[in-house]
Amino acid sequence: MAKKSQIKCVLDEKALHTVTLDPEKCRGCVTCMKRCPTEAIRVRGGKASVAYERCIGCGECIRLCRYQAKKPSHDAWDTLEDFKYKIALVAPSFYGQFNNLEDINIVLNGLLAIGFDDVGEVGEAAEYITDVTRRIMTEGSIPAPIISTACPAILELILMKYHDLSERLLGTLAPVDVAAKLARERALKKGVPEEDIGVYFISPCPAKVFALKMGLGVERPYVDRVLSVSDAYMRLVPAMEKLTEIRPLARMSSTGLCWGISRGEANSTGGIKTIAADGVEQCVKILEALEDGGLSDMQFIELNACVSGCVGGVMNVENPFVARSRVHYLTRKLKSESNTIEDIGKDADWFMWEQNPSLKDVFKLDDNRLAALSKLMEKEEILKTLPMVDCGLCGAPSCTAFAEDLVGGVIPKDSVCVRK
Amino acid sequence: MNGDHIHLEFAVSGNNFASAGSASEEVKGTLKKLGIPSCDIRRVAIAMYEGEINMVIHAGGGVATADIYLDRIEIVLADKGKGIPDVELAMTPGWSTAPEDIRALGFGAGMGLPNMKKYTDEFVIESEVGVGTTVRMKIFFS
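Protein sequence lines correspond, in order, to chains A and B.
In case it helps, the numbering used here puts the first sequence at residues 68 to 487.
In case it helps, the numbering used here puts the second sequence at residues -6 to 135.
For reference, chain B alone in the conformation it holds in the complex:
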């Protein structure tokens, strides 16, 4: 424990749709215990869930961490997947690489990354082909 925040860590398993959302659920539960306003929890929930589902679909899983401070939450989603060749293109609303069988499940509408950016105050994505992708997000509480 560092002196000023809570550190939560979750292993997100690849291709396991049933488990997607469990990290989001636990983070939401923690924020509710902290008394964070519901409008902020909503932003965290959307960003976190989108990130989780991305790791399930594209990266064969990864690690999600949430560091909760008095005024903000910092979320890091790191995977060792195939990486994104053109990050700018991937950030375009509606653009998707999701395979047909995944789209048939209702995922892969191409809104994941754009929504994560939209609902967070700071959003940084780093990706290298063959190495993996790391998304860092910050949300400040109102």
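Next up, chain A with everything else stripped away, as it sits in the complex:
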């Protein structure tokens, strides 16, 4: 994975985080801390704080905060000034945000009307991934069940916690990276100078923002700026209403559009035994089962951290189930024949990871096994003295996490349980 120093990004180093906290709004309640799937959050000094090395960007804490104290990081809309030739990349889930939409071309034309010079469809790119996936499944080069690498939050989770499953990873680039590569290539072919090209992705979730900034599976980031759906939506709706001409810009078929909702990717593989799980808690159950040697009869596993798939992304404006229904409806309006890599004259390698993302050791208590063992033994002793009610009042999500923080030196040795 790209080192921080190599990153070309607008968000400064300090802000290169998945989520930020507004300390004024945070009341120090335990809601986000209790539900974080990697136990990355603690409440310190009455405010939620994130151990970013453990954050997978799933957005659960943003979704759950009733004081709106958590905000996803993304680039501001005025970064549109940064490049002369601006390309907007549109995710399939984006189409589910609009009420009464009858033609996806209206969205694409609307983007041109609000200042973009060209558009690229992530759904089209996803169809090439589908094609490559089918080839990989036929070759049998990856041990089944193959795990999708499309959701960056789930990919991060596997890299952190499920090292043994890394050999099952599909290893294709994220559809948005493929879309960015294609859009850049098409602009160059039109004669646009390279330095003028700016690729902007309208992101449904913080995990994608972070993955694109850091570069996940790529040598360098392909996307220049990452905008939020709500920023785009506010500007797009009035512009779409004023359109006088709708040019046919869409290349995507129904296959690509379905990638925006859970099951879209798994169904597209043509596999007869596939799983599509959505919501990070359910995804964890599938990962645990895979690690236990289960689900071995499955060919392909699609995992989406968000409920309903990318339409459930926390940066979207619409309810996940409403958006999913709209995406379903729109598939009827699209051609059914999927785009293939032969159509654009590329070989499968062009769609694969340029470098394998590194596994992370964020859960290890100590690099020295003996030291880790003695810390764990100490933890077991501490646990015997705790009430095991997981109230969260000490600032840790559970009694176990409190004991681990103590032995790991994360909190002072004299920290005490407030319930005793």
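Bear in mind the hints are in silico, worked out from the structure with no lab data behind them.
Keep in mind that a hint or two might mislead.
Unchecked claim - Calculated pairs, DSS-like style, for lysine-lysine (alpha carbon to alpha carbon, straight line, at most 27 Å):
(1) A:427 <-> B:25
(2) A:451 <-> B:110
(3) B:26 <-> A:442
(4) A:352 <-> B:131
(5) B:131 <-> B:110
(6) A:442 <-> B:131
As the list claims (entries may be wrong) - With the C-beta cut set under 10 Å, the calculated list includes, among others, these residues of chain B facing chain A:
(7) 17
(8) 23
(9) 30
(10) 42
(11) 112
Beta carbons are placed, not taken as given, at the ideal position from N, Cα and C, and that holds for glycine.
Given chain A's structure and the hints, the job is docking chain B onto it.
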């Protein structure tokens, strides 16, 4: 606490498929905190999960313990179920007594005990009809 290892104990409840895997999950989590290589964790996970599910299906539950040392894990799965009349036969791949409704759930393929043996470095099974079954497994870390 004995001075050189961690002792974990889990009550496995019978006929509760939703809870099967929770002991395995906690043991895996502990091994990850210890920095045990993922290839070893995989062996522990398979052996432990198979053992848990066996106790759920056949024995009406039991107790699973895991003792984690610097170089190895020792797992004991003890139940007070009906016992296995012919242990050698039960160790034959594909042999199963699982009732039809359990097989319909995708369990009972007859690979539980053979897999537990395959993925562990030491495997001992003792069973007495009417008394119960105890499986002792050791896995050494690479």
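Checking one constraint from the list: CA of residue 451 (chain A) to CA of residue 110 (chain B), max 27 Å. Satisfied?
33 Å, violated
Per the CB criterion, is residue 42 (chain B) less than 10 Å away from chain A?
4 Å, holds
Holds or violated: the hint that residue 30 (chain B) contacts chain A, with Cβ atoms closer than 10 Å.
8 Å, holds
Given the hinted pair residue 352 (chain A) and residue 131 (chain B), is their Cα-Cα distance within 27 Å?
Distance ~26 Å between residue 352 (chain A) and residue 131 (chain B) Cα, so the pair holds.
Is the hinted pair residue 427 (chain A) and residue 25 (chain B) satisfied, with a Cα-Cα distance of at most 27 Å?
11 Å, holds
Residue 17 (chain B) as an interface hint toward chain A, with CB separation required under 10 Å
Holds: closest Cβ of chain A sits about 6 Å from residue 17 (chain B), inside 10 Å.
Straight-line alpha-carbon gap residue 131 (chain B) to residue 110 (chain B), limit 27 Å
10 Å, holds
A closest beta-carbon separation below 10 Å is what the hint needs, so does residue 23 (chain B) meet it against chain A?
Holds: closest Cβ of chain A sits about 7 Å from residue 23 (chain B), inside 10 Å.
Need the status of pair residue 26 (chain B), residue 442 (chain A): alpha-carbon distance at most 27 Å?
Answer holds: residue 26 (chain B) to residue 442 (chain A) is near 10 Å, not above 27 Å.
Under 10 Å, Cβ to Cβ, is where residue 112 (chain B) needs to be relative to chain A, so tell me if that hint holds or is violated.
With a closest approach of 8 Å, the residue 112 (chain B) hint holds.
Please work out if residue 442 (chain A) and residue 131 (chain B) have their alpha carbons no farther apart than 27 Å.
OK: residue 442 (chain A) and residue 131 (chain B) at ~22 Å, within 27 Å.
Of the numbered hints listed earlier, the single one contradicted by the structure is hint 2.
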